[in-house]
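Read off the chains here:
Number of protein chains: 4
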Amino acid sequence: MKVAVIGAGYWGPNLIRNFLMLDEVESVVACDLDEARLAKMRKLFHGIETSTDHNEVIGRGDIDIVVIATPVSTHHEIAKKALLAGKHCFIEKPMTASVAEAEELIEIAAREGLKLFVDHTFIYTGAVRKMKEIITSGRLGDLYYFDSVRINLGLFQHDVNVIWDLAPHDLSIMDYLLGQPALAVSATGTCHVGNGLEDIAYITLEFANNLIAHFHVNWLAPMKIRRTLIGGTKSMIVYDDTEASEKVKVYDKGIDVTTREGVYDTLVQYRTGDMLSPKLDQEEALAVGTRHFVDCILNDQQPTTDGQSGLNVVRILEASEISIKNRGQLIEL
Amino acid sequence: MKVAVIGAGYWGPNLIRNFLMLDEVESVVACDLDEARLAKMRKLFHGIETSTDHNEVIGRGDIDIVVIATPVSTHHEIAKKALLAGKHCFIEKPMTASVAEAEELIEIAAREGLKLFVDHTFIYTGAVRKMKEIITSGRLGDLYYFDSVRINLGLFQHDVNVIWDLAPHDLSIMDYLLGQPALAVSATGTCHVGNGLEDIAYITLEFANNLIAHFHVNWLAPMKIRRTLIGGTKSMIVYDDTEASEKVKVYDKGIDVTTREGVYDTLVQYRTGDMLSPKLDQEEALAVGTRHFVDCILNDQQPTTDGQSGLNVVRILEASEISIKNRGQLIEL
Amino acid sequence: MKVAVIGAGYWGPNLIRNFLMLDEVESVVACDLDEARLAKMRKLFHGIETSTDHNEVIGRGDIDIVVIATPVSTHHEIAKKALLAGKHCFIEKPMTASVAEAEELIEIAAREGLKLFVDHTFIYTGAVRKMKEIITSGRLGDLYYFDSVRINLGLFQHDVNVIWDLAPHDLSIMDYLLGQPALAVSATGTCHVGNGLEDIAYITLEFANNLIAHFHVNWLAPMKIRRTLIGGTKSMIVYDDTEASEKVKVYDKGIDVTTREGVYDTLVQYRTGDMLSPKLDQEEALAVGTRHFVDCILNDQQPTTDGQSGLNVVRILEASEISIKNRGQLIEL
Amino acid sequence: MKVAVIGAGYWGPNLIRNFLMLDEVESVVACDLDEARLAKMRKLFHGIETSTDHNEVIGRGDIDIVVIATPVSTHHEIAKKALLAGKHCFIEKPMTASVAEAEELIEIAAREGLKLFVDHTFIYTGAVRKMKEIITSGRLGDLYYFDSVRINLGLFQHDVNVIWDLAPHDLSIMDYLLGQPALAVSATGTCHVGNGLEDIAYITLEFANNLIAHFHVNWLAPMKIRRTLIGGTKSMIVYDDTEASEKVKVYDKGIDVTTREGVYDTLVQYRTGDMLSPKLDQEEALAVGTRHFVDCILNDQQPTTDGQSGLNVVRILEASEISIKNRGQLIEL
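Residue numbers (numbering that gives the first Met the number 0), protein chains in the order written: chain B, 0 to 332; chain D, 0 to 332; chain A, 0 to 332; chain W, 0 to 332.
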């Protein structure tokens, strides 16, 4: 297979390296409008082919896969072109700038029989896969809440606000782990510089059965926090991505709720027990993801992070943006 | 001076011990409806005087100070009686169950020339006093946000929800450090047991100049987190109360926002620098607070955490409760 | 029972409070040469009986237990007097200033039918008791090493060096957990002030079967570290006493050693697995210890931390001191 | 310049990548006896030149630099050949298997006018360079101790023990920061598998003026610890390499030692103050080191980590091995 990687910025070298390491991949072409970036790629990957004209590359007959690592606003246009040229697409998160765009890409890919992969990289980490396994096993009991904090001193993304930049990670993890649709969204936040883009935001999601999810994303934090809490009746998970090895901790803590017989009195009792930090697969998530994508192409299967998964995230992002512009107004999904 | 401590539950022994250690305090009477608790006090404090009738004790002529450590719903009634009996009052947080109650107590105390102290203990920690000093010095520049998380597996408080139980700590710290009124409140949360009391809640406060404050309080968390971030243009503070010694960290990090001359283009640049963790006074906060209270009585001065400070907190609690019952509706203050 | 606590310094109030809380203890007399300290005890424990003449108190017929919390150099003399006066003795660690002193106290107590308790408090923590249970169960396999670090910026003890001050904690934990005698000791260290007392020291102990133990004690460290690693063939323990709740972590990590059949080639393979942090009993160790002591008196049983346990620790301290004065010379025990 | 990298194991790809990224480096030839490793290099670095015959490559006229990343036992032979062939040498740590070997290489390089660089990578980290700056400025006052722990569950190195594998990192950091020769060495440790190589070891070094250094290296630890404490009269440093950003912390803590006038009584007082965590340069250490090496060649300067620096470390390793075989015997250097 031949792969075209469009966009050789921050994440580009990782994409190129991981596709190059796949046995099924023969070569990679790196595209970018910026010739200096391409020169760096040629130095790092020792004479790799490069191009400043991605349209020309997309049109070439020897390219099988198009990887899109450009600004979000361009995802839809490039992916549409690539799909219509018969290429499988690997799109960086967030998938598109709107629900309508995502829906159109899903439809075209289905019609053309092509694979659409959204790079929700975290889904392929050992940590998230282990949490999925634990939740599926029923070990947490009924779910109470999903609470996520992702903050640091971030480089401002000039085309999107902090929600579009950081929340896709956590929303995709949530979507994968909870496996149920959010019913309503409310978001608050502010921007502190003249560009009108929020740099701090809080999102609350309502689900059925009093399940609640909450997200804090922040570009103005002095330290890096990447922590998710998932609470259930039987046990609870703390997922701290800044930990070197013990990223996932499962606490045998929960509450027992009973009603005294014949009395309208609720008895709540805490159970506290051991904490287990399971062994996690250490393989690089992007290596797992790119291999999974290539396997899905070869075996005609749907990727775990397919267009629908990308759309679920974009739908919440779009609603959050409406809510935040209306000072936290509740948006039904 | 003679002190009556009403309520010998969880916090009672700490109150008794700290008042006993003051040079100005001659003796303490412990009151509680539960005789078993009083027996424990007599064992721990070696023959201390106790009573199950706090009304009688309040009426005694030899009592100068009444300390109220009973459930919130009873604060107003007991404090009013004590004030009308001419006693200075030390009230546990939150001050009262409503704004109206707090306002009445403030008015009576002023009229009678008595001191009203609300036990926002954290204000008297070395950490919070140091942060006040840093913020007052202008070192943070303009303030951007105040973000607080206070979660753990908590004993359910059967008379109040998690906001009334945990948020008073952080709201009082915020009120003290920011020194400006919140303009609007929005709160979301859920309850997961049959008693109708929220066990998880998120509160957002809006201030002038895009300053935003956010609070996460949670009784269902498997681990204890007590962390506050305060961001400004010039530097930022991380306050982690679970740290043994380095509770306060000041990061010389911030952003420079400039507009290119003659161009409507905003340039944002990060500055990152050193981190400083200042030495903190290690004295027990309750010792500092009780001594301050007694000093205020003797020198006829207003306590730092007076009735107004208690009222500011209760006002936000009351509005948060209305908002949470209306799925996050924005409440102007 | 009536208890005399001799020495009302740093640890004194904790001893008084814990003995006072026992149902079997009727009253406590606090003794100290320093009247100011006694005044503080009378204020804190509301009119408790005090005395500056411990000899007189030891001689009183109504005293059943003598608690010795004075400088180490005086332990032997006071304990001997108390035993000869027919009192059960509770001695702070280290038990005595020499092996000979410890042996004499053990002998007198045995002869007089009295209980000798050495306050190796850590043995009564939930953490150490849980580790004992885990090691006894065989979960660690064969033991490889015991490595302990106990450092902080400590107040200089003017009568003993850092080994006598800090190492008794870790040596008593080691003695309890390993349950086997050290065969040889080597210690290095230095002193940096004119008093000739080492403020940094390292101790290595040799045991049978290549088991090794090592201790780092340091009064000049800028931060507090209290960490012990215990390694075995099957799993390993990390015990971090500065952690609030997860003090004990058991790692399912170890090595498999095999020899290829017919070949003199050793194959070593690592096994890495989950980590478990067991729930620990949170009761105050001194409460458990004092109750255990009183129970041993009432039921005529030997305390877990008896004179022999105290002697084991003193023997290593004494040998370490000889080794350190001889630049690390190996001392056979 | 053209570079030959001999040894394409664990560290090889990092060496190749960093030399490739230098402007002065035109191309890299990767050598290894294992053809599978070379195939991986060709895939990762897209058609890079490879060879299984490093002797032939060393002999080529177009090669300027030989990088030696092979087992320690082969360093001397390969480096000697390369130097005699007129190549500058970049040698992985530890430099050689003996003091005699190191001395010979230094002599040959000096005679031939070639640069010898020992890859003590840590010296080029922002953390170590910042600590050097702090210590040189006198901020720590007189030095008291250097204490280092480097432990983890490590892959057994079949040709060397844990001292030769792990201690070179810390010894090189110590040598660089203290800048003075150790006077005596004592080492203890054990091996737990049949191969006779120690897997746990403790090294103590004596210096002039009661300065002491201690090292704990361990392949059998369940968790990764990389921590160094450096104590001085005025302040102290904690260097924790597992921390993501705050690797270096400077504590304004120390002791004041005075002698009361006319009295032989030493007064020791602690000073405790703020803690500062300085901003560190984040550039990859190997990028800094390789660039420094190439700069030294071009400008005919001595590298910071030259042959003498490599020899200082090997001298302590050699003495430690003798000491450990003699149960901790003190070896004068």
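It is worth saying that the hints were derived from the structure and are not from the lab. Do not take every clue at face value.
In this list, chains with the same sequence are indistinguishable; a pair is considered to hold if it fits within one copy or across any two.
[What the hints assert, rightly or not] When the alpha-carbon atoms are kept at most 27 Å apart in a straight line, the in silico DSSO-like pairs for lysine-lysine are as follows:
#, residue 1, residue 2
1, 42, 131
2, 223, 131
3, 42, 223
4, 1, 42
5, 1, 79
6, 42, 233
7, 324, 248
8, 223, 1
9, 223, 278
10, 278, 129
11, 79, 129
12, 223, 233
13, 39, 248
14, 324, 39
15, 233, 278
16, 39, 1
17, 324, 42
18, 80, 1
19, 80, 42
20, 248, 129
21, 129, 223
22, 131, 278
23, 129, 233
Structure-based check of all given hints:
{"no.": "1", "hint": "42 x 131", "result": "neither (40 Å within a copy, 33 Å between copies)"}
{"no.": "2", "hint": "223 x 131", "result": "both (24 Å within a copy, 24 Å between copies)"}
{"no.": "3", "hint": "42 x 223", "result": "neither (32 Å within a copy, 34 Å between copies)"}
{"no.": "4", "hint": "1 x 42", "result": "both (20 Å within a copy, 14 Å between copies)"}
{"no.": "5", "hint": "1 x 79", "result": "within (19 Å within a copy, 45 Å between copies)"}
{"no.": "6", "hint": "42 x 233", "result": "neither (53 Å within a copy, 39 Å between copies)"}
{"no.": "7", "hint": "324 x 248", "result": "neither (37 Å within a copy, 33 Å between copies)"}
{"no.": "8", "hint": "223 x 1", "result": "neither (37 Å within a copy, 41 Å between copies)"}
{"no.": "9", "hint": "223 x 278", "result": "both (24 Å within a copy, 15 Å between copies)"}
{"no.": "10", "hint": "278 x 129", "result": "both (9 Å within a copy, 23 Å between copies)"}
{"no.": "11", "hint": "79 x 129", "result": "neither (34 Å within a copy, 51 Å between copies)"}
{"no.": "12", "hint": "223 x 233", "result": "between (30 Å within a copy, 18 Å between copies)"}
{"no.": "13", "hint": "39 x 248", "result": "neither (40 Å within a copy, 36 Å between copies)"}
{"no.": "14", "hint": "324 x 39", "result": "neither (40 Å within a copy, 52 Å between copies)"}
{"no.": "15", "hint": "233 x 278", "result": "both (21 Å within a copy, 16 Å between copies)"}
{"no.": "16", "hint": "39 x 1", "result": "both (21 Å within a copy, 19 Å between copies)"}
{"no.": "17", "hint": "324 x 42", "result": "neither (45 Å within a copy, 49 Å between copies)"}
{"no.": "18", "hint": "80 x 1", "result": "within (17 Å within a copy, 43 Å between copies)"}
{"no.": "19", "hint": "80 x 42", "result": "neither (29 Å within a copy, 30 Å between copies)"}
{"no.": "20", "hint": "248 x 129", "result": "both (11 Å within a copy, 20 Å between copies)"}
{"no.": "21", "hint": "129 x 223", "result": "both (23 Å within a copy, 22 Å between copies)"}
{"no.": "22", "hint": "131 x 278", "result": "both (14 Å within a copy, 25 Å between copies)"}
{"no.": "23", "hint": "129 x 233", "result": "both (17 Å within a copy, 24 Å between copies)"}
Violated hints, listed in ascending order, are 1, 3, 6, 7, 8, 11, 13, 14, 17 and 19; each of the other numbered hints is respected by the structure.
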